[in-house]
Amino acid sequence: MSSAAAVVGGLAATRKALQLYPEAHPRFRGAVVSFLGAVQGVTMTGAYVLNVHHGRLYEGSNVIPDETPSIAAIAEALEAHRIESLTFHANFGETDAIALGAVLGMRPTPQFDAAGELESRGAKGVTVSVLEEDEDAEAEKRERDEQRRRDKVLYEQLVGMLRGLSSQLVGGGAPDLGATGDVVQNLLGRLMSDQAAMLGLATLRAKSEVDLFHSVNVAIYALAMGAALGLPDEGLASLGMCALLHDIGKVPFDRRDPEQAKQATYLHPEIGAQILVRIAEDDQAPMLVAYEHHMYVDGSGFPERDPDYFPHPFSRIIGIADRYETLTKPNAEGACMTPDKALMTVLRETGRKWDPLFARLLARALGVFPVGCVVRMSDQRVAVVRAPGNDPLRPQVRVLYDEGGIEYPEPIELDMAETEAQLVEVVDQDFLALEVSERL
Amino acid sequence: MPSIADVSAVVRGLNTTAKSLRLYPATSPIPRQSVEAACAALGALFATRSSLTLSVGRDSMEFRQDGEHAPVGGGELAEDLRRHGVADLSFEAGCTPEDLLALLGAVVTDPARLPGGFGTATSRVPHVRVSAVNLVVLDIPQQAEDEDFDSFLARLAADPKALAAWISAAANGDPAAMAEGLAEIGAAGAKAGLADFGASLAAAFGQLDGTGKDALFGLGIDETVARGLIGAMLRNLGQPDIAQGLNEGLYGKNMLSLSNALAKLPLADKLDSVIEEVRRMFPGNGHTSKEQQFLDHMLDVRSRKEPETALTTADDTYDKVARAADVSAEELAQAAAQAIEAGKAAAERSVRTILTLLDQQRDFDLYCRALDGLAAMVPGLLERGNPKLAAKVVNELASREARTTQPWPEVADRLRAALARATNARTMAALLRSAASGDPDGRVAARDILRHATEASQQVLLEAAMASGAEGIAAAESLVGRRMVDMLAAYAPRAQAAQLPAIVARLSVESEPRAVAAMDAVIRRPDANARREAAVGLGQAGDMNALRRLDALLRDSDPSVETAAIRSLGRIETAIAGRALAARLGELDIDGKDFEVGRELIGVLARHPSAEAEDALRRLAGRKTLIKRGRFAEVQDLARQALERRGGAR
Numbered sequence: 054m055s056s057a058a059a060v061v062g063g064l065a066a067t068r069k070a071l072q073l074y075p076e077a078h079p080r081f082r083g084a085v086v087s088f089l090g091a092v093q094g095v096t097m098t099g100a101y102v103l104n105v106h107h108g109r110l111y112e113g114s115n116v117i118p119d120e121t122p123s124i125a126a127i128a129e130a131l132e133a134h135r136i137e138s139l140t141f142h143a144n145f146g147e148t149d150a151i152a153l154g155a156v157l158g159m160r161p162t163p164q165f166d167a168a169g170e171l172e173s174r175g176a177k178g179v180t181v182s183v184l185e186e187d188e189d190a191e192a193e194k195r196e197r198d199e200q201r202r203r204d205k206v207l208y209e210q211l212v213g214m215l216r217g218l219s220s221q222l223v224g225g226g227a228p229d230l231g232a233t234g235d236v237v238q239n240l241l242g243r244l245m246s247d248q249a250a251m252l253g254l255a256t257l258r259a260k261s262e263v264d265l266f267h268s269v270n271v272a273i274y275a276l277a278m279g280a281a282l283g284l285p286d287e288g289l290a291s292l293g294m295c296a297l298l299h300d301i302g303k304v305p306f307d308r309r310d311p312e313q314a315k316q317a318t319y320l321h322p323e324i325g326a327q328i329l330v331r332i333a334e335d336d337q338a339p340m341l342v343a344y345e346h347h348m349y350v351d352g353s354g355f356p357e358r359d360p361d362y363f364p365h366p367f368s369r370i371i372g373i374a375d376r377y378e379t380l381t382k383p384n385a386e387g388a389c390m391t392p393d394k395a396l397m398t399v400l401r402e403t404g405r406k407w408d409p410l411f412a413r414l415l416a417r418a419l420g421v422f423p424v425g426c427v428v429r430m431s432d433q434r435v436a437v438v439r440a441p442g443n444d445p446l447r448p449q450v451r452v453l454y455d456e457g458g459i460e461y462p463e464p465i466e467l468d469m470a471e472t473e474a475q476l477v478e479v480v481d482q483d484f485l486a487l488e489v490s491e492r493l
Numbered sequence: 225m226p227s228i229a230d231v232s233a234v235v236r237g238l239n240t241t242a243k244s245l246r247l248y249p250a251t252s253p254i255p256r257q258s259v260e261a262a263c264a265a266l267g268a269l270f271a272t273r274s275s276l277t278l279s280v281g282r283d284s285m286e287f288r289q290d291g292e293h294a295p296v297g298g299g300e301l302a303e304d305l306r307r308h309g310v311a312d313l314s315f316e317a318g319c320t321p322e323d324l325l326a327l328l329g330a331v332v333t334d335p336a337r338l339p340g341g342f343g344t345a346t347s348r349v350p351h352v353r354v355s356a357v358n359l360v361v362l363d364i365p366q367q368a369e370d371e372d373f374d375s376f377l378a379r380l381a382a383d384p385k386a387l388a389a390w391i392s393a394a395a396n397g398d399p400a401a402m403a404e405g406l407a408e409i410g411a412a413g414a415k416a417g418l419a420d421f422g423a424s425l426a427a428a429f430g431q432l433d434g435t436g437k438d439a440l441f442g443l444g445i446d447e448t449v450a451r452g453l454i455g456a457m458l459r460n461l462g463q464p465d466i467a468q469g470l471n472e473g474l475y476g477k478n479m480l481s482l483s484n485a486l487a488k489l490p491l492a493d494k495l496d497s498v499i500e501e502v503r504r505m506f507p508g509n510g511h512t513s514k515e516q517q518f519l520d521h522m523l524d525v526r527s528r529k530e531p532e533t534a535l536t537t538a539d540d541t542y543d544k545v546a547r548a549a550d551v552s553a554e555e556l557a558q559a560a561a562q563a564i565e566a567g568k569a570a571a572e573r574s575v576r577t578i579l580t581l582l583d584q585q586r587d588f589d590l591y592c593r594a595l596d597g598l599a600a601m602v603p604g605l606l607e608r609g610n611p612k613l614a615a616k617v618v619n620e621l622a623s624r625e626a627r628t629t630q631p632w633p634e635v636a637d638r639l640r641a642a643l644a645r646a647t648n649a650r651t652m653a654a655l656l657r658s659a660a661s662g663d664p665d666g667r668v669a670a671r672d673i674l675r676h677a678t679e680a681s682q683q684v685l686l687e688a689a690m691a692s693g694a695e696g697i698a699a700a701e702s703l704v705g706r707r708m709v710d711m712l713a714a715y716a717p718r719a720q721a722a723q724l725p726a727i728v729a730r731l732s733v734e735s736e737p738r739a740v741a742a743m744d745a746v747i748r749r750p751d752a753n754a755r756r757e758a759a760v761g762l763g764q765a766g767d768m769n770a771l772r773r774l775d776a777l778l779r780d781s782d783p784s785v786e787t788a789a790i791r792s793l794g795r796i797e798t799a800i801a802g803r804a805l806a807a808r809l810g811e812l813d814i815d816g817k818d819f820e821v822g823r824e825l826i827g828v829l830a831r832h833p834s835a836e837a838e839d840a841l842r843r844l845a846g847r848k849t850l851i852k853r854g855r856f857a858e859v860q861d862l863a864r865q866a867l868e869r870r871g872g873a874r
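First to last, the sequence lines map onto chains A and B. As numbered in the working numbering, residues 54 to 493 make up the first sequence, in order. As numbered in the working numbering, residues 225 to 874 make up the second sequence, in order.
For the record, the hints were derived by calculation from the structure and aren't laboratory data. Take these hints with a grain of salt, some might be off.
Claimed, not checked - Computed Cβ-Cβ distance ranges for the label pairs, DEER-style:
(1) B:665 x A:388: 55 to 61 Å
(2) B:589 x A:404: 37 to 43 Å
(3) A:182 x B:460: 44 to 50 Å
(4) B:460 x A:183: 39 to 45 Å
(5) B:272 x A:82: 44 to 50 Å
(6) B:507 x A:164: 36 to 42 Å
(7) A:114 x B:267: 40 to 46 Å
(8) B:631 x A:352: 30 to 36 Å
(9) B:668 x A:234: 56 to 62 Å
(10) A:119 x B:446: 17 to 23 Å
Backbone N, C-alpha and C define an ideal beta-carbon position, used for all residues, glycine too.
Please model the entire structure based on the sequences and the hints provided.
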C-alpha cells in the first residue's frame with residue numbers, strides 16, 4: 054500500500070470509528086493510532102498535501118489510484134464538505150486526527166465551514182483550503198434579491214393604485230389618475246431593463262383582490278407585447294394605462310351576488326367605458342380599450358358593434374394578454390393551464406378571436422416556454438423557467454429540486470442550451486403545491 | 225409565547241443527545257452534533273424570552289402554556305429524569321452546549337454512581353436549574369466494560385434502543401459515513417449470529433423521530449452500502465409504519481421525492497400496498513387530489529426503463545409555437561406603423577363609442593357622465609389639430625339639445641352645460657390658434673363650433689382675441705365676421721384699459737354709428753389710463769378718424785394722455801398728422817409751463833417725415849426776441865438739434 058493510500062485509509066477508518074465506537078474502544082484507538090502513524094510517515098520531511106479535484110484525490114499533483122473504497126469515499130467526503138486540499142503538518146497529533154475524522158463525518162451543507170469546525174475542535178496539525186464562494190455570484194444574488202424586493206414594492210404600488218381607484222369609484226367619485234402615470238412609467242422602466250423579472254412577477258396568484266392582481270399582470274404581459282412590437286415610449290405608457298384600467302367596469306358590481314356577477318361579465322366593457330369617459334380628455338385609448346377588449350376580430354364578442362367596427366390595436370393586444378392571464382390563473386373550480394398550454398391555446402384561437410400577428414407577439418415576448426413554466430428535465434430534476442433562451446426551445450431555468458425530488462437549499466441557475474438534459478414535461482405548479490412566483 | 229413545535233425541537237435535541245451519551249463520551253462528535261442542535265433551538269427561543277422551564281410528565285416532557293401542561297416529546301429523557309427524581313428543569317439564556325452536556329451527562333449516569341445525587345451533580349451547571357430532586361438511589365446493573373470490539377457492535381446491532389440512539393446521532397452527520405457505519409454494525413451483528421438485523425433495525429425505526437427515519441430511508445433510496453440492510457428493515461416493518469414514515473418526513477414533502485422514494489426503496493412485494501397506504505393517508509397530510517394524481521404519474525415515469533423523449537420531439541406544437549414567435553422585422557415594423565396610425569384614429573373611434581353609449585344609456589347619471597366626457601374632449605381635439613371632429617362633437621351635443629327625447633326633465637340643462645363646457649375658454653383659445661394658422665378646414669370647423677357657443681363663450685373668444693392684440697382680433701374676425709365689430713363695440717365700455725388699444729385700433733376705422741359711439745365714449749372716459757390706452761390704439765389705427773380723435777386728445781387735461789396722443793400722431797406719417805402736431809406746438813407756452821410737453825413734441829417732430837414738421841421746427845429755431853424769458857434758450861437748442869437730426873437722417 055502506498056503512503057498516500059495509508060494516510061487516506063487511516064482517515065477513513067478514523068472517521069468510521071468515530072461513528073461507531075466510544076473513544077476508549079480498542080478499534081477507535083486502533084484507527085487513530087494507524088492514522089497517526091501514516092501521517093507521521095509522510096510528514097517527516099515536511100508538510101504533506103492531499104488535493105481533491107473533480108472527485109479524484111491527488112498527492113500533491115499526482116493522482117492517487119482508487120485502490121480501495123476508502124479512497125473514493127474520502128474524495129467524495131472532502132468535496133461534499135467543500136474542502137479543496139488537506140495539509141498535514143509535522144505536529145499532527147491525536148486531537149487533529151479525531152477532529153478531522155469528526156468534521157468529515159458531519160452533515161455537509163452549502164455553507165459548511167470546515168476550517169472553523171477544525172479550529173473549534175482544537176486542531177492545529179492539519180489545515181484545509183476550502184472551495185471559495187464565487188464572490189461575484191454572491192454579489193449578483195444579493196443584487197437580484199434586492200431588485201426583486203424593489204419589484205415587489207412596485208407591484209404592490211400598482212395594486213394599491215388600482216385599489217385606490219376602485220375605492221373612489223365605489224364611493225361615487227371620479228377616478229383620480231394623478232400618480233398613476235409615474236407608477237406606469239416605473240413599470241415600463243423595469244420592463245425595459247429586465248423583462249424576465251417582470252414576467253416572473255406576473256405569475257403571482259392572488260389569494261384576494263383577484264381582479265387587481267389580474268389587471269397588473271395583464272399590464273405586464275401587454276407591455277411585453279408592446280415592447281416586442283417596438284412601440285415608442287409614449288405609446289407604451291398609454292398601453293400600460295389601458296391594461297391597468299381595462300376591467301375597471303367590474304368595480305361597481307358586487308360579484309358576491311351571482312346575478313350581479315353575471316351582469317358584470319357582459320356589462321363591464323360598457324360600464325368601464327362610461328367610467329373612463331371622464332378621463333378621456335387627453336388620452337382616449339383607456340376608454341376605448343375598456344369598451345373593446347372583449348371584441349374579437351371575427352366580429353363576435355361583446356358589446357355588439359357594426360360590421361365595419363374594428364377594435365383599436367391596444368384593445369387587440371390587451372384582449373390577448375387578458376386571455377393568457379386568465380388561462381394561467383385558477384378558475385372558479387381551481388383549474389388552470391400551464392403557461393405553455395395557455396400560449397398554445399391563444400395561438401389556436403388566432404383568426405377567430407385574436408389578431409394573428411399580435412398573438413404571435415405574445416409568443417415572441419414570452420417564449421415557447423414562458424417564464425413561470427415548471428419543467429421536469431430528463432435527469433428528473435425540476436426547474437422553473439426564469440427567462441427565454443437564445444434558442445426558443447431551450448429556456449433559462451432555475452433548478453429547484455434534485456433528481457430525487459429534494460429541494461436544493463439554493464436553486465441552481467441553468468441555461469438549457471448548455472446542458473445535455475432535455476425538457477420532458479411541463480408540470481402544473483399545483484402538482485407540487487408550489488407557488489412559482491415565490492421562486493422567480 | 226414559544227410554539228409547542230419550537231419547544232419540541234429543544235426536547236428532541238436533548239433527548240437525542242442523552243441517547244448518544246449512553247454510547248459515546250461527551251467529547252465525541254456524535255453527541256456534540258445533537259447538543260449543538262438542541263442549543264440552537266434553545267437560542268431561538270431565548271430571542272423572545274429569558275428562560276424555559278420543562279416539567280417531567282408521565283410519558284413525556286411537558287411545557288406549561290396558558291395554565292395547561294402540553295406534552296412536547298422526549299419520553300426517554302422524562303423517564304431518565306424521573307429515575308433521578310427530577311420534577312422540573314429550567315434553562316436560562318446563555319446556556320451553552322457544554323452546560324447541556326454536563327446536565328445530560330448526569331441524566332444518563334446511573335443514579336447509583338452519583339454519590340451526591342443528581343442535585344449535587346448538576347448544581348454547578350451554569351444556566352440550568354433542577355428542582356424537586358429525589359435522592360433515592362436505584363439499583364441499576366452495570367455494563368460490561370472489557371468486551372472486544374466485535375461484541376460491542378454486535379450488541380449494538382441486537383439492541384434496538386441502543387441502535388435507535390446511534391441512528392439518531394448519525395442522522396445528523398454525513399449520510400455516507402452513516403451508511404458505512406450501519407453496514408459495519410450489520411456485519412458485526414451477522415458475525416455474532418444475529419439472525420435478522422433487519423428486525424432489529426425495524427424495532428429501532430419505531431423509536432426514531434422524523435430525522436432518523438428520513439436518514440434510514442435515504443440509505444435505502446440511494447445506492448449505498450447499507451441499502452440491503454434497509455431492505456431487510458422494510459421487510460420487518462408494517463406498511464402503515466413505512467407509509468407514515470414517508471408521508472410525514474422529508475420524502476413526503478412533494479410528489480417528486482415521494483415517488484422517488486417509493487420507486488427506489490427496496491420495498492419488494494410491499495410496494496403496492498405501501499403506495500395504497502400512502503394514498504390513504506394523503507387527505508390527513510394535507511395533500512390535494514392534484515398531488516395524488518401527480519404521484520401516480522411520477523410513479524409511472526420512474527418505473528419506465530427507456531429514456532424519456534424530449535418534450536419538443538414528442539409534441540411538434542412547441543416547434544409551431546417557436547415558428548409563430550419568429551416575427552420578422554418587416555412584420556414588426558408594419559404592425560407598429562399600423563398601431564401608431566390606428567392610435568391617431570382613436571379620437572374618432574372614441575367619439576363614436578361615446579355617442580353609442582349615449583344613445584344606449586338608460587341611467588341619467590351615467591348619461592350625464594358620458595356627456596361631460598364627450599364635451600371635455602373638444603379642446604383637446606382642437607389642440608391636437610382635429611377641428612373637424614371637435615365640430616362634430618359640438619354639433620352632436622347641439623343637435624341632442626335641440627331634439628332630446630330622453631325622459632329626464634333635467635337633460636336639456638345638462639346638455640346645455642355640456643355644450644358650454646365644450647366651448648370653454650380652452651376651446652376658444654384653440655379655435656383662435658386654429659384660425660390664425662390659416663387652415664381653411666379648421667376655419668370652417670371653428671365657425672361651426674362658434675355657432676353653438678354660448679354668449680359667455682363668445683365673450684371668452686373676444687377676450688382671448690384681445691389678449692393676442694390685432695392679430696388675435698383679426699383671427700377672431702375671420703371666424704365671426706362683421707359680428708366682431710358689434711362684439712367689440714358692446715365690450716368697449718367695460719373693457720380694461722389694457723384691452724383698449726386693440727379695441728380702439730379695430731373700431732376706429734368703422735363708421736357704423738354703434739362703433740363711432742363706442743369710440744367717442746372711450747375717449748371721453750373719465751379714467752386717464754383708459755384715454756391714454758385709447759390714444760395708443762388710435763395711433764395703431766392711423767386712419768382719418770383716428771387723426772381727428774388724436775387731435776382732440778392732444779389737448780387732454782392729463783399730460784400722460786397728451787403725451788400718448790403726441791406719440792401716436794408721430795407714428796402716423798402723413799402731412800395731416802404733421803400739421804396737427806405743428807399746430808399744437810404753436811399753441812404751447814413752450815418756454816414756460818408747457819416746456820415738458822413741448823420737448824416731447826419737438827422729439828416727435830424730429831422723427832416725423834412731413835414738411836409740416838420741419839417747418840414747425842424751423843419756425844421754432846428761428847424765433848427772435850429781445851427778452852429771452854423762461855427756457856427760451858433751451859427750447860432753441862432742442863429745436864436746432866432736432867433739425868440737425870432730421871438733416872442727418874436725410
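Hints, verified against the model:
Our hint of 55 to 61 Å for residue 665 of chain B and residue 388 of chain A holds, since their Cβ atoms are close to 56 Å apart. For residue 589 of chain B and residue 404 of chain A, the Cβ-Cβ distance of about 40 Å falls inside the hinted range of 37 to 43 Å, so the restraint holds. Restraint check, residue 182 of chain A to residue 460 of chain B: a C-beta distance of roughly 46 Å satisfies the suggested window 44 to 50 Å. Taking 39 to 45 Å as the suggested C-beta distance range, the pair residue 460 of chain B and residue 183 of chain A conforms, at roughly 42 Å.
Under the hint 44 to 50 Å, the C-beta atoms of residue 272 of chain B and residue 82 of chain A, about 46 Å apart, fit the expected range. About 37 Å separates the C-beta atoms of residue 507 of chain B and residue 164 of chain A, a value consistent with the hinted range of 36 to 42 Å. In this structure the supplied range 40 to 46 Å holds for residue 114 of chain A paired with residue 267 of chain B, their Cβ-Cβ distance being about 44 Å. Checking the proposed 30 to 36 Å range against residue 631 of chain B and residue 352 of chain A shows it holds: the Cβ atoms sit about 33 Å from each other.
Between residue 668 of chain B and residue 234 of chain A the CB atoms are about 35 Å apart, so this pair departs from the stated range of 56 to 62 Å. Checking the proposed 17 to 23 Å range against residue 119 of chain A and residue 446 of chain B shows it holds: the Cβ atoms sit about 19 Å from each other.
Comparing the model with each numbered hint stated earlier shows that hint 9 is the single one that does not hold.
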